[in-house]
Amino acid sequence: MTTLTPAASRTTTEAAPSEPRRKRTDSESLFNRVTLGVLIALALLWLVPIAWALATSLRPPNDIATNPTSWVSDNPTLSSYQEILSAGRIQYWYLNSFITSSLTTLLAVCTTSLAAFALSRLKFRYRRPVFLVILAGVMIPPQLLMIPQFLTLQSTGMLNTYWAVILPQVPNVVSVFVFKQFFDGIPVELTDAARADGASWLRIYWQIVMPLSRPAISAVTIFVFVWSWNNFLWPLLAVTDPQMMTLPVGLNSVQDAFGLPQAQLMASAVLGALPLLTVFLFFQRRIVEGIAGTGLK
Amino acid sequence: MSTATSAGTSARTAGSTRWTASGMLLPFGAFYVMFLLGPLLYTAVAGFFNDSLVKDGPGKWVGTANYAEALGSPEFWSSLGHTLWFTVLTTVPLMLLALTLALMTDRFSRGKWFFRLAFFAPFMLPSSVIALLFMWIYADQIGLAQGVVKWFGVQAAPSWLGDPNWAMISIAVATIWWTIGFNFVIYLAALQEIPRDVHEAAAIDGAGPWQRIRLVIVPMLGRATTLVAVLQLVASLKVFDQIYMMTNGGPDDATRPSLLYIFQTGFTDGRAGYASTVALLLFLIILLISLVWFALIRRTEKEV
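As given, the protein sequences belong to chains Y and L, one line each in that order. With our numbering applied, the first sequence corresponds to residues 8 to 304, in that order. With our numbering applied, the second sequence corresponds to residues 608 to 911, in that order.
No lab work stands behind these hints: they were computed from the structure. Here a beta-carbon is modelled for each residue, glycine too, at the ideal position from N, C-alpha and C.
From the structure, some residues in chain Y lie toward chain L, with a derived Cβ separation under 7 angstroms:
| id | residue |
| --- | --- |
| 1 | Phe-38 |
| 2 | Leu-46 |
| 3 | Pro-56 |
| 4 | Ala-60 |
| 5 | Ala-122 |
| 6 | Leu-152 |
| 7 | Pro-175 |
| 8 | Trp-208 |
| 9 | Leu-240 |
| 10 | Ala-276 |
| 11 | Gly-279 |
| 12 | Val-295 |
| 13 | Ile-298 |
Full structure from sequences and hints, please.
Structure follows, in structure tokens:
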């Protein structure tokens, strides 16, 4: 079909009086169709690993042993999921991840927006140097600071607690930058008028600027939450007690220690992927705009 | 707002403004000093001591011995080499492929959600899920990857994660699958900000789809490209999670990146001082590479 259509349409364009325009739209639509085909093929290819994990997780273990590379099973079963869930570890990991990521996000949004407000609206001496010092923090990869951070929390006896996971993730420099950019865009007249009416800066921050900053708040919330939920290296160091592990660290211990059959490993992977994938399905637009916006504006 | 009131109050409020500003910066500042700036200074200082994780205190002063040891150690250089090799293997495809996929997706007004789902969803997965998934895909004898290669007629498929020549490439492929969505989304957002008139004007001028992409669209993506290039470079230089879980640096240290070397000398051998030295060196190297890379990108951006 694809070989026939261009040839057939070319004959018609030659007959038609307005040939240049027609010709172009024809090559355009062919280009579009080829593009679409390649794109769909790539998108399907991208889904293969997830599909294979799902297929494996639904197979009975002996089925995998006899025929490992097969996709389908004659008798698919949810038993791997039941076994993972009844082992009872993953529920703790969900809960731990949820608590630590939520608290990290809350603390980060509050502290970074407050600092950004001061940097954006308050005229104080050393404003620029302070901002530059904070901004320079972007250059420090936190992964390189694992040893001193570990020693700090070890000396305070906080290892194996939620705080050990949460605290080092709070100073998110990018969030300060995102908030400051957004606050700078809010008209000065608005805050000046409130100031003239005698409102305190804290009140202006809380009652005027923050309610106007929903897009920035949601971008930072999404960004910090996803980043902290998926963080691996730091919680790996901060937590050794299996009951206190976050989801990524717990999943890693699954393949290390418990020697599970393949179907159960894949069931764990699917269960580990589920929370954020569900969130993504519901808030696709928001998340994508948040991530693109955090980077671009 | 009259000048009289602001002039009258400004002298009185200058002091209180300073206190308000300090108070507002304090919560963030405390975290910043405690968990970023302080640790960075500690790292800089600890490198001059024979610090250990098990004993209290900084340990014995050793001067530049740790630096001499790191710079003279083949393990330090090979781990740095692996980091750079991984960065080359991932940065180039993650930029070009993400751009290509975004350009293709942008041509269609409907069905964008499906492509966004397919390419971006993996980015939302934790690294341990990626490790579980790809260790099963790359498994010897029974893995999907060996099956695919055999299907194409290759008899002796390599052991993807067990062969030193293939291990890093296999990890890079998994990483590309996992993280491309981020760059894809940034490029897609940038493409959507290009006004439709630009496309139409170029089309009326007689430019074909390929010419339009090459001569009109891609040059307009300069800012997005700079952003993707810098973020991608730094992310690749910090690689740890997937390598730690999939090969733990093996086989024969063939995939051990610098961050894993720091992790092992610090936490397995307990040599916090030496590990701090390596961390500081890596920090300086990342900074230097980023600055050079940024300057290069900026220059090409101006030329276009």
